[in-house]
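Undergrad: Each chain is listed here by its residues.
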Amino acid sequence: MPELSTAADDQFYREYILDHFKNPRNYGRLESPDISHEEDNPLCGDVVGMDFRVKDGVIEDIRFHGRGCAISQASASLLTERLKGLPLEQAKKISKDDVLGELGIEISPARIKCALLSLKVLKVGAYGLADEDGE
Amino acid sequence: MPELSTAADDQFYREYILDHFKNPRNYGRLESPDISHEEDNPLCGDVVGMDFRVKDGVIEDIRFHGRGCAISQASASLLTERLKGLPLEQAKKISKDDVLGELGIEISPARIKCALLSLKVLKVGAYGLADEDGE
Amino acid sequence: MAIRTLDVAAIRKDFPIFETGIAYLDSANTSQRPKQVTGAMMEYFETYNSNIHRAAYRIAEEATVHYEAAREKVRAFINAASTKEIVYTRGTTEAINLVAYSWGRKHIKSGDLIVLTILEHHSNIVPWQILAAEKGAHIEYVDIDEKGELRQDQFADLLRRGPKLVAFNLVSNAMGTINPAREMVAAAKKAGATVLVDGAQSTPHQPVDVRALGCDFYAFSGHKMLGPTGAGILYGRRELLEAMDPFMAGGDMIRTVRIEGTTYHDLPWKFEAGTQAIAEVIGLGAAVDYLSGLGMDAVRAHELEITEYAYEAMSEVDGLTVYGPPPSRRAGVISFSLDGIHPHDLATIADRDQVCLRAGHHCAMPLMTRLGLAATARASIYVYTLKSDVDRLVSSITEAQRIFA
Amino acid sequence: MAIRTLDVAAIRKDFPIFETGIAYLDSANTSQRPKQVTGAMMEYFETYNSNIHRAAYRIAEEATVHYEAAREKVRAFINAASTKEIVYTRGTTEAINLVAYSWGRKHIKSGDLIVLTILEHHSNIVPWQILAAEKGAHIEYVDIDEKGELRQDQFADLLRRGPKLVAFNLVSNAMGTINPAREMVAAAKKAGATVLVDGAQSTPHQPVDVRALGCDFYAFSGHKMLGPTGAGILYGRRELLEAMDPFMAGGDMIRTVRIEGTTYHDLPWKFEAGTQAIAEVIGLGAAVDYLSGLGMDAVRAHELEITEYAYEAMSEVDGLTVYGPPPSRRAGVISFSLDGIHPHDLATIADRDQVCLRAGHHCAMPLMTRLGLAATARASIYVYTLKSDVDRLVSSITEAQRIFA
Ligand SMILES: Cc1ncc(COP(=O)(O)O)c(C=O)c1O
Ligand SMILES: Cc1ncc(COP(=O)(O)O)c(C=O)c1O
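Chains as they are written, first to last, in my numbering: chain R, 1 to 135; chain L, 136 to 270; chain D, 271 to 675; chain A, 676 to 1080.
With the rest of the complex left out, here is chain R (with noise of 0.2 Å):
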């Protein structure tokens, strides 16, 4: 059997993924945000939606909240965190690899969907970009 970066590792549920889980980060709304977008996975019926305030093109304030499966809720919480404060310009560069490495596990090719989640929302939410290839 081939290698395959696999989900069965004791790594998987580290703490701090199942902190964010648990007591996620900026969870909520903002009133009257400057953007607000949602997405969602039809295949697992994960949910992602977060809101923006933006000033001088910084990101001053943000939110999320959703529902879904740990990884994409605390993925969700962890790019909130990584967000707050960040120019928009500079999180326009955020990457899937950023977003996965943060996460600092293995994630399988199932699961990948779930982690990236968040980050569509931003891309697509916030400057409009269609992630064309889904994944």
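I should point out that these hints are in silico values taken from the structure, not numbers from a laboratory.
Here a beta-carbon is modelled for each residue, glycine too, at the ideal position from N, C-alpha and C.
You may find that some hints are simply not true.
Here are the simulated distance ranges between beta carbons [what the hints assert, rightly or not]:
1) A:718 to D:587: 34 to 42 Å
2) D:508 to L:227: 54 to 62 Å
3) D:430 to L:233: 54 to 62 Å
4) A:837 to D:422: 33 to 41 Å
5) A:917 to D:578: 46 to 54 Å
6) D:431 to L:227: 50 to 58 Å
7) D:512 to A:970: 24 to 32 Å
8) D:375 to L:162: 47 to 55 Å
9) L:231 to A:718: 20 to 28 Å
Knowing the structure of chain R, use the given hints to seat chains L, D and A with the ligands on it.
TA: Using the frame of chain R, we list chains L, D and A with the ligands on its own:
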């Protein structure tokens, strides 16, 4: 491998089958026959037709024509020999096994249709029995 | 007649994959395949590999004989009247699409009613949605009650409106519900409908008799019943199949092709265009032999035993909800959810223990929407399932609860 | 770049069937399959057997990875731009029917012209006949000249009439003619037609580059190129596939299914409804690896050598007529007839010597009618064919002539 009836035996092209193929009996057409019918086997292009003269329920004269492989033509020739002078009522009783038996060789599944084409001409032509299951 | 019991230890020896140590609880998705099935395919590949129907040499005749012998095995297995009623397809999905195209395009008209159920697999919904949109027909879905069983009162009401077609599964893949198919077919026929039964989940797991069932069409997949991928069956009553136009066209399904026009072959070959999945059909024949050898009553009895065991074990887990009816009225499918733990996370944790569990919508999104769920976890069983597979699942669940506590 | 030569003795060791002693001269019908292909299928069955795309455990991911890796192999093999353009089907026939349904039903209108050739296989005729009859379109067939090559003058005339669709095979299975496909596609595209190329006989036997070819659709079968039965390919240019409706509907080809309506998955999965022929696709991937390893230039060179040898040997037989062009312009297919001996009788006699020869209309009845023949005998070759296989054929022919003298 399971045992199959097979064409791969030395008896297949027995002398008298070749003889019937090369020197077909009752070959040709009848003038104003009482019954005339033709069938073909589109898959291999075999054609057999028969003309019958019937008097008092007896096949008084018969001719066949056609083209195709040795099996189909020899089988037609053999069948006409058997039919000539036979009451129609008895002709009706001729079965597949009779025809195959008369050929006296093992016919492989792929060639059964060749061997039975002339019987089909008899059944459909002489007394309108659609041979509903093909072979 | 006493029902034999399965010798599961002996059965498992026929499945080399179990040497990997997996607890395979996803048989409703696709089953494992025994050596007898792959061996029949390998025998074809290595000793008489050739095309069927068209050739004039020994190994091709042998291939043809095996290919057609499998059809007779399938016929006997579901008690159809004739092999003319057994059409090879890739699986249930192609079988249903064949009916939607060849029967549906001809018979469904504007304003016609098609009755489905909320329990259906996408393969028994989407082809009808497309057909209905094309023809201006409309679809009604029989709902379920709180036990996950079809609302027969509603079904009766819908029948009163004279549907042209009624299509439903005998067993739901998403909840395991065994529908009262015989009664439903009888009522639908009485109402004048043509009836298609999706047998994808029933054929592998219980005795099936299409004539007793009385339906017009019956579809199932080989890969869910120990056969290889790539081969499945459409059963159709002969009069209906005779009156239908071909679905696909090409080699082998024709009698004569002329520039001026074409005539078609007899049943069942009229519906089998092009080179078929020969090795796979031969493998399916071997799967039918294998199941017949076990006895379908024994298969059902074994599955009921494991299902009851699982149902009980899982009922004892705090925060675990099982969907659908009690074991006696369900097949070996247990759909469930855990408070606070997403099914995908559970499946990933189970996977660490080599427990193969399905998580998702099970290709039954309308049912999920109806239940207000995005996804469930699903354990499904078969002839090779052990009680210890269930035990392993339960300990994965416990482990997940520990992690997510 | 020097073309490698095939080590046929080594190749034959990969095909256990040759231990039976057959001289297999029916590869245009279906090829034999090497251990590498059946081995890849067995590896799936025995170590990671599971369904794809839908599951959340390791072996299912492994199955998905292999299934999609085969798509990339096929893409590279025919030099398509993207794996989105590679759709799995059962074979050439299903691929062409998919286009006839999903593209044809939408684009072919009353009065439209469809151009085919008299060299076509039934699979590239009958779907268009049915479509034309349904839509009130009509079909013209490009004829052949006395050498068995397409009459390009007539093709040019037909193009002037602005056909909507042009469909033809790159290599004829009945006569072996290699058509000047690149020029024909270019001319047809210039005339505004959509172009489908039937690659069933070209893909296995010569290098293929669909982008250089420039066609819109290209169809072929795995089982003719060392792959298992049950898996084939439709290549389609992305814009065309994007704009097409799904062919079959069911599991896996959807994004969301709701009672109110359904949205479809991205390419290529939009066209892959239901459980696919997973093991077979994996086997096809292994077949592509095998052929790529040999090098398609080397494959063609070997076949040309054997074809020339056979052509010469058979030209020396009294009363033997070979149909079609000289070896340099034909693939490894030799269609012929013997004076006074029906092809079926010849095939039966050859079979006694374990020589596997095809006899019949080769699913090309319009061509047979055009040639005034009911059937021909056909010898066809592949990577494993030896000159001694040809010698055995010639001695079977001599034997038949002795018997029928
Ligand atoms: C030129 C050509 N087209 C189409 C086909 C049909 O292929 P399949 O039977 O694999 O669908 C064949 C082979 O039989 C062929 O030779
Ligand atoms: C009830 C039901 N119907 C239809 C299908 C579709 O079967 P297949 O994917 O083999 O075509 C399935 C399985 O996925 C099923 O469980």
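Undergrad: Evaluate each hint against the coordinates.
TA: Do the hints match the structure? See the list:
1. A:718 to D:587: 34 to 42 Å: 36 Å, holds
2. D:508 to L:227: 54 to 62 Å: 27 Å, violated
3. D:430 to L:233: 54 to 62 Å: 58 Å, holds
4. A:837 to D:422: 33 to 41 Å: 59 Å, violated
5. A:917 to D:578: 46 to 54 Å: Distance hint for residue 917 of chain A, residue 578 of chain D holds at roughly 50 Å.
6. D:431 to L:227: 50 to 58 Å: 53 Å, holds
7. D:512 to A:970: 24 to 32 Å: Cβ of residue 512 of chain D to Cβ of residue 970 of chain A: about 50 Å, so the range 24 to 32 Å is violated.
8. D:375 to L:162: 47 to 55 Å: For residue 375 of chain D and residue 162 of chain L the Cβ distance comes to about 49 Å; the hint holds.
9. L:231 to A:718: 20 to 28 Å: 47 Å, violated
Violated hints, listed in ascending order, are 2, 4, 7 and 9; each of the other numbered hints is respected by the structure.
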